[in-house]
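The listed protein sequences derive, respectively, from chains A and B.
My numbering puts the first residue of the first sequence at 27, with every later residue one more than the last.
My numbering puts the first residue of the second sequence at 27, with every later residue one more than the last.
What the hints contain is simulated information worked out from the structure, not anything from laboratory work.
Source: prediction; values computed, not measured.
Accuracy of the hints is not assured; some may be wrong.
Copies of the same chain look alike in the list, so a pair counts if it fits in one copy or across any two.
Quick list of in silico lysine to aspartate or glutamate cross-link-like pairs, EDC-like style, CA-CA up to 20 Å [stated by the list, open to error]: (1) Lys73 with Glu296; (2) Lys76 with Glu296; (3) Lys350 with Glu155; (4) Lys76 with Glu280.
Protein chains: 2
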Amino acid sequence: MVGKPLATIVSAGLSKFGRREGLYWRELFIEAATEAFDRCPNLDPRKDIKAIFVGHMGESYEHQGHTAPTITDWLGLTPVQGFRLESACASSGAALRCAVMAIASGLVDVVLVGGVEKMTHRSTAEVTEFLAMASDFPFEQWNGLTFPGLYALMATAHMHKYGTREEQLAMVAVKNHKNAAINPKAQFQRAITIEEVLKSRVIAWPLKLYDCSPITDGASCAILVRPELAKKFTDTPVHIIASAGATDKIGVYEREDLTTLLSARVASQEAYRMAGVEPKDIDVAEVHDCFTIAEIILYEDLGFCPKGYGGKFIEEGQPEVGGKIPVNTSGGLKAKGHPVGATGVAQLYEVYLQLTNQAGPRQVSGAEIGLTHNMGGSGASAFVHIYKRGD
Amino acid sequence: MVGKPLATIVSAGLSKFGRREGLYWRELFIEAATEAFDRCPNLDPRKDIKAIFVGHMGESYEHQGHTAPTITDWLGLTPVQGFRLESACASSGAALRCAVMAIASGLVDVVLVGGVEKMTHRSTAEVTEFLAMASDFPFEQWNGLTFPGLYALMATAHMHKYGTREEQLAMVAVKNHKNAAINPKAQFQRAITIEEVLKSRVIAWPLKLYDCSPITDGASCAILVRPELAKKFTDTPVHIIASAGATDKIGVYEREDLTTLLSARVASQEAYRMAGVEPKDIDVAEVHDCFTIAEIILYEDLGFCPKGYGGKFIEEGQPEVGGKIPVNTSGGLKAKGHPVGATGVAQLYEVYLQLTNQAGPRQVSGAEIGLTHNMGGSGASAFVHIYKRGD
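Use the sequences and the hints to build the structure in full.
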């Protein structure tokens with residue numbers, strides 16, 4: 027039996043992703059929020075919104091913390107209460123989970139949830155340093171281990187244990203670029219070939235440049251309400267029927283097995299239980315493909331295929347649009363782009379479009395149930411949400 | 027009629043505040059959590075705790091973000107879900123508000139909430155730079171305005187409009203040092219005189235060194251449960267009967283009146299309404315005295331005295347232990363210390379001790395109702411909670 031809604035999405039917005047020169051992150055957030063407001067003419071933001079929850083990873087990029095009041099101010103929403111969540115690249119997944127709990131508490135009826143990051147104005151070295159704060163300082167950063175290195179450890183372990191091949195990693199990138207090519211908000215709107223991926227320069231073997239998500243500017247936004255109020259705001263509601271989070275050891279060196287992501291397993295199992303659905307019921311999923319190996323491991327840990335079969339799953343085309351479970355129809359982090367704090371709610375945005383039949387040329391026909399998986403760092407945090415098209 | 031409990035505190039812990047050399051913030055957090063666990067032998071942390079919420083302002087101090095999984099890992103609580111809240115110096119006030127909503131949602135029964143900051147290993151210039159991230163980058167930081175400067179603007183405006191005097195500011199510092207002198211966890215355990223305050227060096231006139239809260243290392247922790255479950259864990263529960271938050275414009279230059287803090291007014295009025303109590307019912311309060319002028323403005327904006335009478339309120343001894351409303355019996359940020367991310371839940375810790383008759387020589391006799399006010403930056407965010415001694 028499908029679970030009852032915890033909260034309902036009545037609108038969503040997304041800024042164009044990519045290199046957005048000359049803007050502060052607060053301006054990117056306004057772009058995303060404006061789309062969400064325009065899509066929902068029955069919403070009076072100043073009157074209706076009772077709290078905002080925003081995912082924002084790095085205060086260093088613009089030397090600006092205190093994210094929530096910066097946003098309520100620039101959206102003209104003060105004195106409404108606001109919360110900034112940080113959980114590395116899962117920051118807006120965490121914001122979404124808190125927003126869902128806020129609605130479920132009955133203490134607030136209408137909330138704005140979103141995420142934002144402005145990254146491209148800093149050098150690659152600076153971005154690498156800021157992102158590294160999501161890993162363990164004394165035991166990882168101190169030794170020079172960066173995120174491509176951490177995920178390369180997972181990739182080599184997976185290749186060794188399950189025979190996963192570089193070509194299979196490349197297929198994930200090719201699929202996600204193919205999807206992004208028809209997503210007007212994506213950073214990279216062009217298809218690529220397996221050969222291009224394999225020939226791109228090595229970042230941390232076996233991961234090449236095209237196995238890695240890019241540095242991106244962007245913002246995401248959604249409006250959640252108590253399910254009973256949804257009809258006041260929209261004819262096309264999307265219900266959140268499960269919301270779960272989990273953590274794992276911060277240092278990868280502490281984990282027993284590098285080929286699996288504990289946080290994804292725990293959070294997704296909890297979410298399936300809460301939603302009353304199984305992996306086979308998922309019609310469309312956005313998962314955290316920060317590196318191609320992550321998407322392959324996630325096919326397995328989210329239960330889309332048995333453990334060790336992630337490489338085969340992509341090789342057989344099962345996560346393609348038209349396949350068993352279309353994954354990252356937006357282009358994913360890999361090709362839509364990965365403004366870290368914005369990613370969790372950007373995943374929600376794609377699922378929202380799919381479940382309301384607004385995804386245009388990348389629409390998954392008849393999609394009713396969707397899933398998002400947003401991950402922080404090397405998987406030390408994860409948030410999984412399951413969505414159902416409303417009546 | 028006093029409101030019904032939203033959540034119940036069954037235990038709390040606080041690290042020693044001050045200069046804590048040779049420790050990472052994660053270790054300070056363990057110190058606070060260990061006290062909370064030891065105080066609550068019926069709690070099995072790994073079995074009972076279903077979520078953690080942690081306030082942490084600055085990832086730059088230790089180059090360590092991804093706060094929540096770092097803590098779940100080091101407390102041995104993985105894979106439990108975790109959330110880091112940042113709202114500048116109100117970070118753990120925000121964490122507390124989210125923890126309360128989580129309990130009220132019915133989705134989790136037992137949560138750990140806390141806050142942490144490790145600051146003293148960095149230079150004063152670095153700390154000033156990191157703290158500045160709580161103010162507006164393009165319009166405040168860029169022009170060299172730091173927090174003593176921002177609060178000095180409020181102080182001069184208050185002196186001009188209401189005749190508040192430097193001696194009255196000094197009296198706040200004297201009172202808080204007097205309280206801290208008998209708080210073994212305080213950073214400054216010694217009394218000071220009005221003359222010492224007035225003769226201390228000017229930081230940003232009229233604020234002298236002794237008008238300013240110090241740079242501090244510390245951590246705070248509490249265990250919240252669904253009210254119905256409290257008796258399983260403790261004989262001395264403390265109920266949270268109101269929880270509210272508000273924001274204000276991020277830039278002080280945008281505000282109409284520098285002598286009042288909108289976020290404190292809005293959040294406290296909402297909290298009093300929710301709790302069904304009035305300011306006169308408050309037996310003990312911890313308020314955000316980052317600078318002495320803040321405490322004076324807060325006497326007014328929290329309704330402890332009429333607008334403009336804050337200076338007179340302290341001069342008459344009304345916020346002293348034994349006065350009308352004892353304020354900052356812990357010593358406050360001024361003398362207990364201000365590890366920014368830890369402060370909100372450290373305020374809760376003092377109220378918890380007071381309402382359970384564990385405050386030792388600084389005990390307010392018969393205290394039943396308490397209030398905490400935690401503020402971010404120059405008041406762009408604030409969280410107010412009201413507490414009631416349980417039966």
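Item to check | Numbers of the earlier hints that this structure fails to satisfy, in rising order | outcome: Those not satisfied are hints 3 and 4.
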